[in-house]
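**Student:** Can you build the whole structure from these sequences, using the hints too?
What follows is each chain in one-letter form.
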Amino acid sequence: MQCAANTKNQGCETGYCMINVAPLPRADAAVPLIAFHGVSHMFGNRPVLQDINLTINKSEFVCMVGPSGCGKTTMLRMVGGLQTPATGEVTFAGKRVAGPAREISFMFQDYSKALLPWRTAAGNVSLALEANGVPTGQRAARIKDLLGKVGLANHADHFPVQLSGGMQQRVQIARCLAQEPSVLLMDEPFGALDAMTRQALQDEILRIIQASRTTVVFVTHDLEEAIYLGDRVVALYPNPGRIAQVFDVDLPKPRNQLTTRESPSFLRLRRALFDFIREGEA
Amino acid sequence: MKVAKALVLPVALLILWEVAMRMSGIQSDSLAPPSQIAVAFYNAMLDGTIPWRTAETLRAALTGLAIGAGCGLIVSILLGLIPPVARLMQFSIEVLRPVPAVALIPVAILTLGFGYAMEVSLVAFATFWPVLIYGHAAITNIEPQLLDVSRVLRLSGLGRVTKIVLPATLPRYFVAFRLATAVSLIVAVTVEIAANPLGIGYELMTASQSLHPDLMFALVLWIGLVGWGLNGALLFAQRRLFGPAGMAEIAR
Amino acid sequence: MSIAARGLWLLGSIGVTALLVLSWQLIANYGGIPPVFLPGPDRAWSALVAGFSGGELAGLTGATVERMIYGWVLASLAGIALGAVIGSSQVAREYVAPMLEIVRPVPVSAFMPVVMAFLGLTGTMVLVVIAIGSIWPVLLATVHGVSSVEPRLVEVSQSLRLSRFKTLWKIALPNAQADILAGMRIGLTVALILAVIGEMLTSENGLGWSILQAARAYRSADLFAGVIVLGVIGLVSNLALQSIERYVLRWKRR
Numbered sequence: 001m002q003c004a005a006n007t008k009n010q011g012c013e014t015g016y017c018m019i020n021v022a023p024l025p026r027a028d029a030a031v032p033l034i035a036f037h038g039v040s041h042m043f044g045n046r047p048v049l050q051d052i053n054l055t056i057n058k059s060e061f062v063c064m065v066g067p068s069g070c071g072k073t074t075m076l077r078m079v080g081g082l083q084t085p086a087t088g089e090v091t092f093a094g095k096r097v098a099g100p101a102r103e104i105s106f107m108f109q110d111y112s113k114a115l116l117p118w119r120t121a122a123g124n125v126s127l128a129l130e131a132n133g134v135p136t137g138q139r140a141a142r143i144k145d146l147l148g149k150v151g152l153a154n155h156a157d158h159f160p161v162q163l164s165g166g167m168q169q170r171v172q173i174a175r176c177l178a179q180e181p182s183v184l185l186m187d188e189p190f191g192a193l194d195a196m197t198r199q200a201l202q203d204e205i206l207r208i209i210q211a212s213r214t215t216v217v218f219v220t221h222d223l224e225e226a227i228y229l230g231d232r233v234v235a236l237y238p239n240p241g242r243i244a245q246v247f248d249v250d251l252p253k254p255r256n257q258l259t260t261r262e263s264p265s266f267l268r269l270r271r272a273l274f275d276f277i278r279e280g281e282a
Numbered sequence: 001m002k003v004a005k006a007l008v009l010p011v012a013l014l015i016l017w018e019v020a021m022r023m024s025g026i027q028s029d030s031l032a033p034p035s036q037i038a039v040a041f042y043n044a045m046l047d048g049t050i051p052w053r054t055a056e057t058l059r060a061a062l063t064g065l066a067i068g069a070g071c072g073l074i075v076s077i078l079l080g081l082i083p084p085v086a087r088l089m090q091f092s093i094e095v096l097r098p099v100p101a102v103a104l105i106p107v108a109i110l111t112l113g114f115g116y117a118m119e120v121s122l123v124a125f126a127t128f129w130p131v132l133i134y135g136h137a138a139i140t141n142i143e144p145q146l147l148d149v150s151r152v153l154r155l156s157g158l159g160r161v162t163k164i165v166l167p168a169t170l171p172r173y174f175v176a177f178r179l180a181t182a183v184s185l186i187v188a189v190t191v192e193i194a195a196n197p198l199g200i201g202y203e204l205m206t207a208s209q210s211l212h213p214d215l216m217f218a219l220v221l222w223i224g225l226v227g228w229g230l231n232g233a234l235l236f237a238q239r240r241l242f243g244p245a246g247m248a249e250i251a252r
Numbered sequence: 001m002s003i004a005a006r007g008l009w010l011l012g013s014i015g016v017t018a019l020l021v022l023s024w025q026l027i028a029n030y031g032g033i034p035p036v037f038l039p040g041p042d043r044a045w046s047a048l049v050a051g052f053s054g055g056e057l058a059g060l061t062g063a064t065v066e067r068m069i070y071g072w073v074l075a076s077l078a079g080i081a082l083g084a085v086i087g088s089s090q091v092a093r094e095y096v097a098p099m100l101e102i103v104r105p106v107p108v109s110a111f112m113p114v115v116m117a118f119l120g121l122t123g124t125m126v127l128v129v130i131a132i133g134s135i136w137p138v139l140l141a142t143v144h145g146v147s148s149v150e151p152r153l154v155e156v157s158q159s160l161r162l163s164r165f166k167t168l169w170k171i172a173l174p175n176a177q178a179d180i181l182a183g184m185r186i187g188l189t190v191a192l193i194l195a196v197i198g199e200m201l202t203s204e205n206g207l208g209w210s211i212l213q214a215a216r217a218y219r220s221a222d223l224f225a226g227v228i229v230l231g232v233i234g235l236v237s238n239l240a241l242q243s244i245e246r247y248v249l250r251w252k253r254r
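Chains as they are written, first to last, in my numbering: chain A, 1 to 282; chain B, 1 to 252; chain C, 1 to 254.
No wet-lab data here; the hints were simulated from the structure. Just so you know, not all the hints are guaranteed correct.
Said to hold, decoys possible - Keeping only pairs whose Cα atoms sit at most 25 Å apart, straight-line, the calculated DSS-like set for lysine-lysine is:
1) C:K252 x A:K113
2) A:K149 x A:K253
3) C:K166 x A:K58
4) A:K113 x A:K58
5) A:K144 x A:K58
6) A:K113 x A:K144
7) A:K58 x A:K253
8) C:K252 x A:K95
9) C:K166 x A:K113
10) C:K166 x C:K252
11) A:K144 x A:K95
What the hints assert, rightly or not - Calculated from the model, a selection of chain C residues having no Cβ within reach of chain A, i.e. all distances over 12 Å:
12) S53
13) G120
14) M125
Stated by the list, open to error - Which chain B residues stay away from chain C? Per the calculated CB distances, all over 10 Å, these:
15) I26
16) S30
17) V39
18) D47
19) T49
20) G70
21) F91
22) P98
23) V99
24) L146
25) P167
26) A194
27) R239
Glycine is no exception: its CB is placed at the ideal position from the N, C-alpha and C atoms.
**Tutor:** Here it is as structure tokens:
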């Protein structure tokens, strides 16, 4: 099962997408890790999501793009158990998501608010270990390892105010990894960072994910970022949020900031996605 | 709904208190049921005890407040407009400020004897500091551009104070004044309880020592009401005078 | 401003204080005020020295400080615990917090005659009054700090599936630390005031009682020595708490 989209979709023009109006889940496929079944949602009287059907498989990196108001963050929060859909349901490993789960880790965009300001980088990572009941004696080594993984080995004793935005977001990555999640939900995690830092963190997250084979759902408004990172890109229309089209990204891995972004398939995909989004806005 | 929820606990406690005292039939020298407290309050209001004693307390508190806050206002303007003076006075202020006003009660008794003068001077000492500190902070926080404007307009020293400094700092001064008002009542009542045979605090002390718990609780309640009323009136005035912008100053 | 300039200004302002003390001396010597009312700094100083070297000033100071600290520690612990319970529960906030706001404006010294009616003129009474008086600032500050956690951090704790207790202990209470410390600083000032008044009323051993005695016996030098010690207690306790605050809240500084 690769993708599903709602019935309003037109045909596939580019050859890089696979849209079907197939019902789901397919009987012969394995149970998908995450699935949206006819999810709709309202904020007050405003519909934000309309009849979302989507499945995400294990170890997949799925990016969700779309203009503001398309409900991409709301979808992510539903998977994370921070929000319950008004109609329909979201399942994780075949079971309905009723609240936050240990296996699912949520990474917030606003790192300055999502870290405990009174704890050092090490202390913030420790929070996830404490939540998981890791014994005190084992924490120090784990923290050191995790901070090393995100390149903050020398900043363990720094408080968040003493770290740059990129470093704070690395601390958050380390905290999420400390949870040893099978799913990592990322809500525009690099949106507030400068271009250089963003690219460095993109490569780092790909490297870390590759090793642990974690499933990632990544929300962004940056189309290039979505193509660069994702195995699939889900494009959403706004007001109310609907799945417009799902693009398969068949770029070779590991990806490279220069060669990948210059490759003809990347450019073609970018063109297709760009046209598509603009069409939706018009 | 909010008000109802807020009332549940106090009302329940009052009923429990009343019922417990009636059921047990205790004749206590230190506790009285709410119904008796209400009666004592009514009587003390009617025979003039409460109004008269309150007038004494307020007279001392407000006179002291006028002197203390007035001096605080003047000194804070001086310090605010002439930074070298502020820097030179800093050490003296830091050393004098932590002296608890109540420690000066014996000094005031020794030099002024019992009566209004000692109470007024102690209230003045205590209310001087908040106005000075908050006022000074208010002036040093004035937009520098406003002071530049006064220089460009070639305003005189007095003109600068009345046309720029006071209007710009008025909301904060008002907050300081409100704080100082609360302090004035606290100090006045405290001095009366501790030493001075005057006012509502003295009456409260007498009620406690002459084993009249009903009157004692009625007076505690009344003192709370007076403090609450003063603060409420000033909050109301603040909201009317300065609007939402003035209220935001409190949050800081 | 450079450090050197700052040091010079500090020296200058200490100089001003010295000038003030000098003028106090001159007024006492030549101002025509009888020495029973106003001792010069020289006489106050020698009373201070005599009181600490052979007299009872050290013991009195110890008694007052002990009383103040005991009551304050008691009040702070109770205030933080109660505040945490009230602040972390929406229900408790709606039902209990308004009553706290009603009681708050009552001057704490007004509770003294009430407690006195129960416990008499005793040291226990003073301790209880200190505890009652200095619990308010801590309690109200804790309620505020615990209930005003950044919403994003609430989501972080949800997403980490922290238990209610762990959320309180690891997130809400640390979030309240600035408020709690500020409340405790006010509480300590209140504790000193109530200790002094309590001693004056009950004749319990302490500085409050001793300065009242000195005033009644027209021993102005002893009186001023006592007042100076009380001022120093206020100053030192405030400075100590300020530096603790600076250390604990170091994560706020860049």
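**Student:** Hint by hint, say whether it matches the structure.
**Tutor:** Hint-by-hint comparison with the structure:
1. C:K252 x A:K113: At roughly 13 Å apart (the allowed maximum being 25 Å), A:K113 and C:K252 satisfy the hint.
2. A:K149 x A:K253: 20 Å, holds
3. C:K166 x A:K58: 32 Å, violated
4. A:K113 x A:K58: Between A:K113 and A:K58 the Cα gap is close to 30 Å, so the pair fails against 25 Å, i.e. violated.
5. A:K144 x A:K58: Not OK: A:K144 and A:K58 at ~28 Å, beyond 25 Å, violated.
6. A:K113 x A:K144: 23 Å, holds
7. A:K58 x A:K253: With Cα atoms ~17 Å apart, A:K58 and A:K253 stay inside 25 Å; holds.
8. C:K252 x A:K95: Status violated; Cα separation ~43 Å.
9. C:K166 x A:K113: 19 Å, holds
10. C:K166 x C:K252: 23 Å, holds
11. A:K144 x A:K95: 35 Å, violated
12. S53: 46 Å, holds
13. G120: 45 Å, holds
14. M125: Answer for C:M125: holds, closest chain A Cβ roughly 39 Å.
15. I26: Consistent with the label, B:I26 stays out of reach of chain C, its closest Cβ about 13 Å off (over 10 Å).
16. S30: Violated, since 4 Å does not exceed 10 Å.
17. V39: 18 Å, holds
18. D47: 20 Å, holds
19. T49: 15 Å, holds
20. G70: Given a closest Cβ separation of 21 Å, the condition holds.
21. F91: 4 Å, violated
22. P98: 3 Å, violated
23. V99: 4 Å, violated
24. L146: 23 Å, holds
25. P167: Correct as stated: the minimum Cβ-Cβ distance to chain C is 29 Å, above 10 Å.
26. A194: 5 Å, violated
27. R239: 17 Å, holds
Of the numbered hints stated above, those contradicted by the structure are hints 3, 4, 5, 8, 11, 16, 21, 22, 23 and 26, listed in ascending order.
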